[in-house]
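Below are the chains, spelled out letter by letter.
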Amino acid sequence: MLLCAGLPSPEDPKKRVDNRRQSAKFTPTMKSEALNGILTVVLGALLVLGVFFALKVVFITHELRTLQSQANFANTALLQTQAVINDSRAYYNAHPDADLGRILQPFQPKPATR
Amino acid sequence: MNDLETHSSERNSDLELVVESLQRQVFLLLLALIIVAATVVFYLCYQSRVLGNDLETSRPRVKELIGNYQREAPTIKKFDQDISNYALTHRDFGQRVLGKYGWTPGTAKPQNH
Chain Z
1 MLLCAGLPSP EDPKKRVDNR RQSAKFTPTM KSEALNGILT VVLGALLVLG
51 VFFALKVVFI THELRTLQSQ ANFANTALLQ TQAVINDSRA YYNAHPDADL
101 GRILQPFQPK PATR
Chain X
1 MNDLETHSSE RNSDLELVVE SLQRQVFLLL LALIIVAATV VFYLCYQSRV
51 LGNDLETSRP RVKELIGNYQ REAPTIKKFD QDISNYALTH RDFGQRVLGK
101 YGWTPGTAKP QNH
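As given, the protein sequences belong to chains Z and X, one line each in that order.
Just so you know, my numbering puts 33 at position 33 of the first sequence, and the rest follows in order with no gaps.
Just so you know, my numbering puts 111 at position 111 of the second sequence, and the rest follows in order with no gaps.
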C-alpha cells in the first residue's frame, strides 16, 4: 500500500538515501570553492615568487662574499708589500747597502713632474 | 514520522552551521597565509634589490683592485724572493725588518739567479 502511494520504502536502495523532501540548504559552496581556488592560486604564485627571490638573494650574497674575499686578499697583499718596502727603505737609509738599494730601486718614489 | 523529520532537519541545520564555520575558517586561514607569504616575498624582493645595488656599485672597484694586484703580482713575487734572499745573508735585516711580518730564516729558501 505504501509503495502504491508512491512513498519511499526503506527496503528500496534507490530511495533509502534520497531525501528530496528533506534537503538541507547550504551556503553557495560553488562560490566559496571558487574563492578558495582563487586564494590558493594567489598563494601558489606567492610561493613561487618567494622561492625565486630567495634563490636570487642567495646567489647575490654568494657573489658579494666571493668578491669581498678576493678584494681583502688583494688589498692585504698590496698593503703588506708596501709596508715591507717602507721598512726596508728606512733600514736602507740607516744602513746603506748596494744589494738592498738594487732590490728597492724599482720602488723608488718617482719625482713629481712640473 | 513527524518527529523523525524534525530530528533530521535539526541535524541538517547543525551540519549547515558546521560546514559554514569550516568554510569561514579555511577562508580566513588562507587569507592569513597569503598575508604572511606576501610579507616574506616583499622582504626578499627588497633584500635582493638592496644587495643587487651593493653588488653593482662594488663590483667595478673590486675588479680594479684585483686587476692592480694581478698586474703587480710578478713584481711583488720577485721582490719577495729578492728580499728573502737578502735577509738570509743579512741576519740583522731579517730580524729587524722581516721579523715583524712573521718571516724566519727557516721558512725561506735561497733562490739562485
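Calculated directly from the structure, the hints in this document are not laboratory data.
A quick note: this is a predicted structure, and the numbers were derived from the prediction, not measured.
Some clues are possibly wrong.
To be verified - If the Cβ cut is set under 10 Å, some of the chain Z residues that face chain X in the computed set are:
| no. | residue |
| --- | --- |
| 1 | Asn36 |
| 2 | Gly50 |
| 3 | Phe53 |
| 4 | Ala71 |
| 5 | Asn75 |
| 6 | Asp87 |
| 7 | Pro106 |
| 8 | Gln108 |
The beta-carbon is built from N, C-alpha and C at its ideal position, and this holds for glycine as well.
Hint check:
Taken as an interface hint, Asn36 of chain Z checks out: its beta carbon lies about 6 Å from the nearest beta carbon of chain X, inside 10 Å. Because the beta carbon of Gly50 of chain Z sits about 5 Å from the nearest beta carbon in chain X, less than 10 Å, this interface hint is met. Interface hint status for Phe53 of chain Z: upheld, as the beta-carbon distance to the closest one in chain X is roughly 4 Å, under 10 Å. The interface hint given for Ala71 of chain Z holds, since its Cβ lies 4 Å from the closest Cβ of chain X, which is under the 10 Å cut-off.
Contact between Asn75 of chain Z and chain X, as hinted, is supported at the beta carbon level, the nearest pair being about 6 Å apart and thus within 10 Å. Annotation: Asp87 of chain Z was flagged as interfacial toward chain X, and the flag holds, the nearest CB pair being 5 Å apart, inside 10 Å. Annotation: interface hint on Pro106 of chain Z holds; nearest CB of chain X at approximately 7 Å, less than 10 Å. This hint is violated: Gln108 of chain Z has a C-beta 13 Å from the nearest C-beta of chain X, more than the 10 Å allowed.
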